[in-house]
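Assemble the complex: chain V is given as a structure, and chain P must be docked to it using the hints.
There are 2 protein chains.
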Amino acid sequence: MANVILFYDIPGNGTADKAWSPNTWKTRYTLNYKGIPYKTVWVEYPDIAGLCKEIGAAPTSYEPDGTPSYTLPVIKDPSTGAVISDSAAIARYLDKTYPDTPVVIPPETDALQAAFQHAFSQAVVGQLGPIMLPATNAQLNPRSEEYFRRTREISRGPMYGEKLEDWAPPGSEKRAKLWKDIKTGFARIAGWLTADGKDKILFMGDKVSYADITVAGWVVWVKRVLGPDSADWKEFATWDNGKWAKLLELLEKYEVVDV
Amino acid sequence: MANVILFYDIPGNGTADKAWSPNTWKTRYTLNYKGIPYKTVWVEYPDIAGLCKEIGAAPTSYEPDGTPSYTLPVIKDPSTGAVISDSAAIARYLDKTYPDTPVVIPPETDALQAAFQHAFSQAVVGQLGPIMLPATNAQLNPRSEEYFRRTREISRGPMYGEKLEDWAPPGSEKRAKLWKDIKTGFARIAGWLTADGKDKILFMGDKVSYADITVAGWVVWVKRVLGPDSADWKEFATWDNGKWAKLLELLEKYEVVDV
Numbered sequence: 001m002a003n004v005i006l007f008y009d010i011p012g013n014g015t016a017d018k019a020w021s022p023n024t025w026k027t028r029y030t031l032n033y034k035g036i037p038y039k040t041v042w043v044e045y046p047d048i049a050g051l052c053k054e055i056g057a058a059p060t061s062y063e064p065d066g067t068p069s070y071t072l073p074v075i076k077d078p079s080t081g082a083v084i085s086d087s088a089a090i091a092r093y094l095d096k097t098y099p100d101t102p103v104v105i106p107p108e109t110d111a112l113q114a115a116f117q118h119a120f121s122q123a124v125v126g127q128l129g130p131i132m133l134p135a136t137n138a139q140l141n142p143r144s145e146e147y148f149r150r151t152r153e154i155s156r157g158p159m160y161g162e163k164l165e166d167w168a169p170p171g172s173e174k175r176a177k178l179w180k181d182i183k184t185g186f187a188r189i190a191g192w193l194t195a196d197g198k199d200k201i202l203f204m205g206d207k208v209s210y211a212d213i214t215v216a217g218w219v220v221w222v223k224r225v226l227g228p229d230s231a232d233w234k235e236f237a238t239w240d241n242g243k244w245a246k247l248l249e250l251l252e253k254y255e256v257v258d259v
Numbered sequence: 001m002a003n004v005i006l007f008y009d010i011p012g013n014g015t016a017d018k019a020w021s022p023n024t025w026k027t028r029y030t031l032n033y034k035g036i037p038y039k040t041v042w043v044e045y046p047d048i049a050g051l052c053k054e055i056g057a058a059p060t061s062y063e064p065d066g067t068p069s070y071t072l073p074v075i076k077d078p079s080t081g082a083v084i085s086d087s088a089a090i091a092r093y094l095d096k097t098y099p100d101t102p103v104v105i106p107p108e109t110d111a112l113q114a115a116f117q118h119a120f121s122q123a124v125v126g127q128l129g130p131i132m133l134p135a136t137n138a139q140l141n142p143r144s145e146e147y148f149r150r151t152r153e154i155s156r157g158p159m160y161g162e163k164l165e166d167w168a169p170p171g172s173e174k175r176a177k178l179w180k181d182i183k184t185g186f187a188r189i190a191g192w193l194t195a196d197g198k199d200k201i202l203f204m205g206d207k208v209s210y211a212d213i214t215v216a217g218w219v220v221w222v223k224r225v226l227g228p229d230s231a232d233w234k235e236f237a238t239w240d241n242g243k244w245a246k247l248l249e250l251l252e253k254y255e256v257v258d259v
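Protein sequences, first through last, are from chains V and P.
Just so we're aligned, residue 1 is where the first sequence starts under UniProt numbering, counting upward by one.
Just so we're aligned, residue 1 is where the second sequence starts under UniProt numbering, counting upward by one.
By construction, these hints were calculated from the structure, which means they are not laboratory data.
Keep in mind that a hint or two might mislead.
No copy is singled out in the list; a pair is fine if it fits within one copy or between any two copies.
Claimed, not checked - Derived BS3-like pairs (lysine-lysine); straight-line CA-CA distance at most 30 Å:
hint, residue 1, residue 2
1, 253, 234
2, 198, 34
3, 198, 76
4, 53, 198
5, 76, 200
6, 163, 34
Pulled out of the complex, with its shape left as it was, chain V reads as follows (with noise of 0.2 Å):
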């Protein structure tokens, strides 16, 4: 295993299982899928900069001002010394890189699966940020919290509100609102899911894609980080007859954390 895949993700503070995020998740989801071997380094909000230009990962964005902005997941592939971010990114270098595990991006549908990035970002991914963020900042160990309370007060406190704790507070109307919102979300993803008149749970058909691999990472996440006894998640997991929960089903084998 000296040559294993090093994955670098963000850990919360659970004791029996540390993974949380949407995005590392898509990458975990991919590499479980594919059946490649790795490890996780889990590394705290604080240190991901540092880490990243240590092992020479790129940005992922820059600031207006140009300063570059670091994100997880990153992986460090020792067996032909690539270091690749983002998660998009990272699936077509394992795709390419280990042509005989099962594909997630078919070099056919590449540019439509970067289209559909887009049309999930508009549909859901902003209206999930002012319910999961706050509870995601809960489970975070403290130099993590500090970090993350801090910058997301701050990029997004202007339209929610200051305090992460005050931008959708159970029972309040801008929380019942913000689920009404994500439910419609959801239901526009569906409606492409049913487009053809079949009621698919996977994109594709029959096969798993970067696509589902996607929701699934964002829908694992409300699910872990609410719970799966909330009240939250099992309204959640009634919409659009069950798809989400039917997808986190299907992809159950591969929702499998190594450390």
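For chain P alone, coordinates are given in the frame of chain V:
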């Protein structure tokens, strides 16, 4: 030709060639690409709802008060009796009913193609309106012109200005800002086409699909209504390494009007 498909479209006031609408161009490209015989039937705006009710074409949306909204394209296929509204539904119908013609929505990409429609719409469709709707209005026949002006000034006027002519007049800052947003939107789409590191023109690489036909429908609107010799089109044609002009060239043999 007694049994050919009837394809209902909205005429412009051009003497040589009346076709302009981006949505009906999607159906014309589809029919021409598939090589299915059809005859265009020109319908002025105030006559669309009556025609649709008469031939049994379904509305494509509903107003908040429940009033059905009818749009073109619609096709009527005498050989099956089917009457289909909405360009994507027409494409699916033609793929299914004429399986010996080239498929435009490969079944395994159906949900991704549907998601693409949303992504494309978010990226550029709304941004094109304030420039393209006034230019289109100036090229309609009087009955349609009156109808188009009235309905568009009601629906979009509150955002852009009372009269169509005030929305984005040539030389205005508003127009320059809109072109900038449209260019940014098309650059985003170009990003999907190059996500795998290849500078593709077609979404699926080497074969035409409904995603390409959609982009071409909107680009051909710009080219034909602003004019292939206009400064605006000449500038547009340079964007993204000329990708959009190249797309129209690639589909040029299907950019044909039967009457």
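Which hints from the list above does the structure break, by number from lowest to highest?
6
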